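A.B. asks: Single-letter residue listing:
Number of protein chains: 6
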Amino acid sequence: MPYVNIKITREGGPEGKGPSAEEKTRLIAGVTELLQTVLDKDPATIFVVIDEVALENWGIGGLSVPEYRAQQ
Amino acid sequence: MPYVNIKITREGGPEGKGPSAEEKTRLIAGVTELLQTVLDKDPATIFVVIDEVALENWGIGGLSVPEYRAQQ
Amino acid sequence: MPYVNIKITREGGPEGKGPSAEEKTRLIAGVTELLQTVLDKDPATIFVVIDEVALENWGIGGLSVPEYRAQQ
Amino acid sequence: MPYVNIKITREGGPEGKGPSAEEKTRLIAGVTELLQTVLDKDPATIFVVIDEVALENWGIGGLSVPEYRAQQ
Amino acid sequence: MPYVNIKITREGGPEGKGPSAEEKTRLIAGVTELLQTVLDKDPATIFVVIDEVALENWGIGGLSVPEYRAQQ
Amino acid sequence: MPYVNIKITREGGPEGKGPSAEEKTRLIAGVTELLQTVLDKDPATIFVVIDEVALENWGIGGLSVPEYRAQQ
Chain A
0 MPYVNIKITR
10 EGGPEGKGPS
20 AEEKTRLIAG
30 VTELLQTVLD
40 KDPATIFVVI
50 DEVALENWGI
60 GGLSVPEYRA
70 QQ
Chain B
0 MPYVNIKITR
10 EGGPEGKGPS
20 AEEKTRLIAG
30 VTELLQTVLD
40 KDPATIFVVI
50 DEVALENWGI
60 GGLSVPEYRA
70 QQ
Chain C
0 MPYVNIKITR
10 EGGPEGKGPS
20 AEEKTRLIAG
30 VTELLQTVLD
40 KDPATIFVVI
50 DEVALENWGI
60 GGLSVPEYRA
70 QQ
Chain D
0 MPYVNIKITR
10 EGGPEGKGPS
20 AEEKTRLIAG
30 VTELLQTVLD
40 KDPATIFVVI
50 DEVALENWGI
60 GGLSVPEYRA
70 QQ
Chain E
0 MPYVNIKITR
10 EGGPEGKGPS
20 AEEKTRLIAG
30 VTELLQTVLD
40 KDPATIFVVI
50 DEVALENWGI
60 GGLSVPEYRA
70 QQ
Chain F
0 MPYVNIKITR
10 EGGPEGKGPS
20 AEEKTRLIAG
30 VTELLQTVLD
40 KDPATIFVVI
50 DEVALENWGI
60 GGLSVPEYRA
70 QQ
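Same order as they appear, the protein sequences are chains A, B, C, D, E and F.
Per numbering that gives the first Met the number 0, the first sequence starts with residue 0, numbered consecutively.
Per numbering that gives the first Met the number 0, the second sequence starts with residue 0, numbered consecutively.
Per numbering that gives the first Met the number 0, the third sequence starts with residue 0, numbered consecutively.
Per numbering that gives the first Met the number 0, the fourth sequence starts with residue 0, numbered consecutively.
Per numbering that gives the first Met the number 0, the fifth sequence starts with residue 0, numbered consecutively.
Per numbering that gives the first Met the number 0, the sixth sequence starts with residue 0, numbered consecutively.
In short, the hints are calculated from the structure, not lab data.
Keep in mind the model is a prediction, meaning the values are calculated, not measured.
Treat the hints loosely; a few may be bogus.
[What the hints assert, rightly or not] Away from chain B, derived, C-beta distances all over 12 Å, residues of chain D:
(1) G11
(2) G12
(3) P13
(4) E14
(5) S19
(6) E22
(7) R25
(8) A28
(9) G29
(10) K40
(11) P42
[Claimed, not checked] Ranges of calculated distance between the beta carbons of each label pair, as one might list FRET restraints:
(12) P13(C) / E21(A): 43 to 53 Å
(13) S19(B) / E32(D): 34 to 44 Å
(14) G12(E) / G15(B): 38 to 48 Å
The C-beta atom is built at its ideal place from N, Cα and C for all residues, glycine as well.
Bound conformation, chain A alone (with noise of 0.2 Å):
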């Protein structure tokens, strides 16, 4: 029965606010599957929670994702 938190940057996706459901379903499925194939996990009992975060929200290597990026 596990349980799967994924954190994205909320970006990207059709109209740039994000994945699409379609996308979102794509991931849904597929570590659902992952876990399915390695572990033997039953479907059933496996949850996925997606959480999208604000750019500004986001730091990685000291700066915000804008600042990053900028400086890239």
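Given chain A, work out where chains B, C, D, E and F should sit, using these hints.
C.D. replies: Below, chains B, C, D, E and F alone, put in the same frame as chain A:
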């Protein structure tokens, strides 16, 4: 000094957009009382954080919640 | 399909090393019943995960728990 | 390669709707520097994610934050 | 720069004490590839953290996992 | 009333098994002071939880940390 995180789908409630403030208050009070009763924790140092998650961001059984319910 | 994560310090219980299995069971049952009562959630799709955290890994008021209690 | 998650109530800041981008930047820079100083971690592999939580979704002392403050 | 947290019960694997290092490696590789394929994320900035949870610390259906399985 | 969760690999420190109690104390004090300075939060209601993660349970770039370092 427990920390409790409750993740639920954003639905139901008075406007269909998630639990009402009163329902959240009951969750907070109930969890706090439970920890006090079972583990003798001091309520003053119990934090509860409720996360409401969009239906399409929650997966079960390899499907997003909207797909999952459509199949039931 | 809620997911609840309860973080507590690893202490107390029958051997001073954290809650007993019976206490954990009461936490799980209590939180599940609360979500059923307040939000009408189906218990079959409620997950509860309890994390026990070493005292020195928990901070409050700028101090680790052992320091914090020594000052009270 | 640390991962730091900072959860705060969504309030304050320039419009009363949460910290400004500049305040978030200071949090990200400060936490990153702290991990570099204390544990000699490489900033390039330090992630910081800030979650802003609605006041009514945060509980302390068995009350939601709005109730809690009204009682102080 | 996604962050993925996989929580599983600590069981199975070569010694019955949880997944082998090789299984964990497959989980990490699989999730990373999935995020690269679906969302075009750069693998260099994908973190995966696997948490193994004691059976008695995991609840489903209002029961701890050992109780739950005994009832099946 | 912020909640901060710091996840680090379990390594280094006086015995190579993770940070010392003194280093954890410095992390707790530093994060608390940062939130007080930047957001004017009351230290009395700041929680910090440090999670130490086994190297083989942490992935980056599609590899577990031991594999990743072997390739550098």
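A.B. asks: The structure should be examined with respect to each hint, and the outcome stated for every one.
C.D. replies: Checked hints:
1. G11: holds, 17 Å
2. G12: About 19 Å separates G12(D) from the closest Cβ of chain B, which puts it past 12 Å; holds.
3. P13: holds, 24 Å
4. E14: Answer for E14(D): holds, closest chain B Cβ roughly 22 Å.
5. S19: holds, 22 Å
6. E22: Given that every Cβ of chain B is farther than 12 Å from that of E22(D), nearest at about 20 Å, it holds.
7. R25: holds, 23 Å
8. A28: A28(D) is indeed farther than 12 Å from all Cβ atoms of chain B, at 25 Å.
9. G29: holds, 22 Å
10. K40: The claim stands: K40(D) keeps its Cβ more than 12 Å from every Cβ of chain B (closest is about 24 Å).
11. P42: Fine: 27 Å to the nearest Cβ keeps P42(D) off the interface.
12. P13(C) / E21(A): 43 to 53 Å: For E21(A) against P13(C), whose Cβ atoms are near 51 Å apart, the range 43 to 53 Å holds.
13. S19(B) / E32(D): 34 to 44 Å: Check passed, 42 Å falls within 34 to 44 Å.
14. G12(E) / G15(B): 38 to 48 Å: Holds - the Cβ-Cβ distance for G12(E) and G15(B), about 44 Å, lies within 38 to 48 Å.
Going down the numbered hints, you'll see the structure goes against none, and every one checks out.
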